[in-house]
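Next come the chains, spelled out residue by residue.
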Amino acid sequence: MRRDIALRRTLGVHGVRAALVAAWLVSWEVSARHWIDPFYYSMPSKIWDRLAGWFTDGTSQGSIWEQISYTLQEAVAGFALGAAGGVVLGVLLGRGRFLSDVCAPFIKAVNAIPRIILASLFIIWFGLGMQSKIATAFVLVFFAVFFNAFQGAREVDRNLVNNARILGAGRLQVLWTIVVPSATSWILASLHSAFGFAIIGAIVGEYTGADKGLGLLINHSQGTFDAAGIYAGMIIITVLALLAEWLLTLLEGRLLRWRPAAAGHDVQI
Amino acid sequence: MTKPPPSQSPPSQPPPSEPGAGPVIELDGATKRFRSAGGVHTAVRDLHLSVGPGEFVALVGPTGCGKSTTLSLVSGLEPASEGRVLVHGREVDGIPDGVGYMFQNDAVMPWRTVLDNVAAGPRYRGASRRDARERARGWVARVGLTGFESYYPHQLSGGMRKRAALAQTLVNEPSVMLMDEPFSALDVQTRGLMQDELLRLWSGSGAAVVFVTHDLEEALVLADRVVVMTAGPATVKSVFAVPLDRPRDAEEIRLTGEFLDVYREVWDSLRDEVQITRERGAGDAA
Chain B
710 MRRDIALRRT LGVHGVRAAL VAAWLVSWEV SARHWIDPFY YSMPSKIWDR LAGWFTDGTS
770 QGSIWEQISY TLQEAVAGFA LGAAGGVVLG VLLGRGRFLS DVCAPFIKAV NAIPRIILAS
830 LFIIWFGLGM QSKIATAFVL VFFAVFFNAF QGAREVDRNL VNNARILGAG RLQVLWTIVV
890 PSATSWILAS LHSAFGFAII GAIVGEYTGA DKGLGLLINH SQGTFDAAGI YAGMIIITVL
950 ALLAEWLLTL LEGRLLRWRP AAAGHDVQI
Chain Y
13 MTKPPPSQSP PSQPPPSEPG AGPVIELDGA TKRFRSAGGV HTAVRDLHLS VGPGEFVALV
73 GPTGCGKSTT LSLVSGLEPA SEGRVLVHGR EVDGIPDGVG YMFQNDAVMP WRTVLDNVAA
133 GPRYRGASRR DARERARGWV ARVGLTGFES YYPHQLSGGM RKRAALAQTL VNEPSVMLMD
193 EPFSALDVQT RGLMQDELLR LWSGSGAAVV FVTHDLEEAL VLADRVVVMT AGPATVKSVF
253 AVPLDRPRDA EEIRLTGEFL DVYREVWDSL RDEVQITRER GAGDAA
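Those protein sequence lines, which keep their order, are chains B and Y.
Each residue of the first sequence is one higher than the one before, counting from 710 in my numbering.
Each residue of the second sequence is one higher than the one before, counting from 13 in my numbering.
No lab work stands behind these hints: they were computed from the structure.
It should be emphasised that the depicted structure is a prediction, and the values quoted were computed from it without experimental measurement.
Using N, Cα and C, we set each Cβ at its ideal position, and we do this for glycine too.
It cannot be assumed that every hint is accurate.
[As the list claims (entries may be wrong)] A few chain Y positions that, by computed beta-carbon distances, are all more than 10 Å from chain B:
#1 Gly64
#2 Ser93
#3 Arg96
#4 Ala119
#5 Val120
#6 Ala132
#7 Ser140
#8 Asp208
#9 Gly216
[Claimed, not checked] Not the full set, but computed from the structure, chain Y residues with beta-carbon under 7 Å of chain B:
#10 Leu89
#11 Asn117
#12 Pro122
#13 Trp123
#14 Gly133
#15 Arg137
#16 Tyr163
#17 Tyr164
#18 His166
#19 Trp214
Only chain B is shown next, with the shape it has when bound in the complex (with noise of 0.2 Å):
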C-alpha cells in the first residue's frame, strides 16, 4: 500500500515536471513563431536544429566533440589542481595557528580580487593553449575549496583530537585519521560547487581567447548574432555539468558512507 502511494508520488512529480518543461518549450516555439523574433529569441526548433548540425556536420571550429573534450581537459585539470591545492593548504592552515595568522589577510586580499578578470592575465602570461584555461579553472576551484577544507579543518571536534591523542596517536597520525576525515564532509560539499566553477573557468577563458573549446564557439556564435547557438552551447556545457554532479555525488556516497543516512539525503537543488 505504502509503496503504491510512494510511487504514485514519484510518477507524479516527475509527470508534472515533464508537463512544465513541454508547456514552456511550446509556448516559447509558439510565441518565437508569431509574436517576438526569434533572431533575437531563437526558438527550440532552432536551437535543436544548430545542436543536430553540431553532432553531425561540426561545428565552424571543427568537430564538437573535439570541443567538448578540450573544454572538459582543461576543467577537469583545473578541478583537479585546484581542488589538490586547496585541501592541503586548507587543511594545514585550519590545523596551524600561527600559519592562518600571518596568512589570513593575504588570503582575504586576494579572495576579494575579482578572480575572473584574472583570465586576461593569464592569456597573456601563459597564451591562447590550454594552461591559460586551466589557470583561471584553478583559481576559481581553489577558493571555494580552501575555504571549506579551513573551516572543515578547523571545526574538529576537539574530544576526538584529545581521544586520538590519549591512544597513543602522534601529530601527524591526528592529522590523517582525524582531521582529514572529519573535514572530508566539508571539502565534498565544497567539490560540488567547486566543479562548476572549473566549468566557469574554463568556459570565460576560452571566452577570453582562445584557438578551440565550447567558450569559443559560443563567443563565435555572439560573433555572428547565432542565438542559437549560444543556447546550444549553453545546454552541451549544463548537461557536462549534471554529469560531473552526477559523478561527484556517487563519490560522496562511497566516501560518506560512514554518515547516517538522515544527513546524507540532503535536498539537492
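Using the hints, position chain Y against chain B.
Below, chain Y alone, put in the same frame as chain B:
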C-alpha cells in the same frame, strides 16, 4: 610528539601494578588556572590526592566544579599551573604511558566501524593492521559487541557506543583509567548495566581508575574510595572509604543497608557544596 616509542606496543604495557609499589597517581598541590575572557579562572586549586595500583577512586562534586580538569591534568592533556602531578612516579609532561581516558561525550570516530575504532589504539602505537584488528576483535567480544564489528557508530545505541568506547580504551591495556562521567548520557537502566560491565572488565585488570561523576550513587556503587570535591574552584574536601564487598552487583547493592549508611555519610559532606553551587547559580540567574 607524545607518541610512545614503538617498543612499547607488545601486549603487557608499562609498569605492572605491583602491590606495595608507590602510588600510581599522585597530585601534590596541583592547581590549574585558565585565562578566559573575564580574566583568570581557577578550575582546581591545591589538589592533594594519591591513587594506588588497582584502586578505584571516584571523584564527586557539584556540577562544573572542576572534576574534569583534574582528569586532564593527570592525562597530560593540560599542564598544571602549579604543583606537581605524577603518574607512575614520573612528573606528567605530555601524555603518560599506560593512561586510558574515557570522555564524557562520544569520542569514537564516526567514520570508522566498531572494529576499526577499537583497533585505532594499537594502530597508533605501531601494530600492524592485522594484529590490531586481531586484538580489537577480542575486546569487541569482551564488551559484548560481537556481531557489530562492521557497524558504524551512528547505527549503534548510546549504550553500545559506550561499549565501543570502553573497548577502544581498554585495548591499550591501560594501567591508569580516567573516566569522565562516561555514563551520564545514558538512561538509568542502561547506566546500571554499563556500571556492571565496567566492574566486570576492571576486576582483575589491575588498573587504577579515577572515575568522575556528579552522581553519588554511581560513585558508591563503583569505587573503593570516594573523594568529595568542593564547589569550584575544586579542591579535595573529604575522602571516604566505601566498605562494600566485591564483587558488587550495581543494581542490587543500592538497596542494601550498608549502602544507604555510606550514602548518608558522604551526602552530608557533599550537600553543602551542592548548596553553594546552587546559590551561585541562582545569583547568576538573578
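Worksheet entry | Assertion that Gly216(Y) lies outside the chain B interface [Cβ separation over 10 Å] | holds, 22 Å
Discussion item. Please check whether the beta-carbon of Val120(Y) is more than 10 Å away from every beta-carbon in chain B.
Written reply: It is violated; Val120(Y) is separated from chain B by about 8 Å at its closest Cβ, not greater than 10 Å.
Practice prompt. Double-check Trp123(Y) for me: the hint is only fine if its C-beta lies closer than 7 Å to a C-beta in chain B.
Written response: This interface hint holds because 4 Å falls under the 7 Å limit.
Worksheet item: How about His166(Y): closest beta carbon in chain B under 7 Å, or not?
Response: Given a least distance of 4 Å, the restraint on His166(Y) holds.
Item to complete: Please settle this one: Ala132(Y) was flagged as non-interface, so is its CB more than 10 Å from every CB on chain B?
Response: violated, 6 Å
Worksheet entry | Closest C-beta approach of Pro122(Y) to chain B relative to 7 Å, hint status | Holds, about 6 Å.
Worksheet entry | Hint check, Gly133(Y) versus chain B [nearest Cβ-Cβ separation less than 7 Å] | holds, 4 Å
Worksheet entry | Given as non-interface: Ser93(Y), which should sit over 10 Å from chain B by C-beta | With a cut-off of 10 Å, Ser93(Y) remains clear of chain B, as the shortest Cβ separation is near 19 Å.
Worksheet item: Does the no-contact call for Ser140(Y) survive, Cβ to all of chain B over 10 Å?
Response: Nearest chain B Cβ is 15 Å from Ser140(Y), so the label holds.
Worksheet item: Going by Cβ atoms, does Ala119(Y) stay more than 10 Å from chain B at every point?
Response: Incorrect as stated: the minimum Cβ-Cβ distance to chain B is 4 Å, not above 10 Å.
Discussion item. Checking a non-interface call: every C-beta of chain B should be farther than 10 Å from the C-beta of Asp208(Y). Is that right?
Written reply: Non-interface label stands for Asp208(Y): nearest chain B Cβ at 24 Å, farther than 10 Å.
Item to complete: Run the C-beta distances from Arg96(Y) to all of chain B and say if the shortest one exceeds 10 Å.
Response: holds, 21 Å
Of the numbered hints stated above, those contradicted by the structure are hints 4, 5, 6, 16, 19, listed in ascending order.
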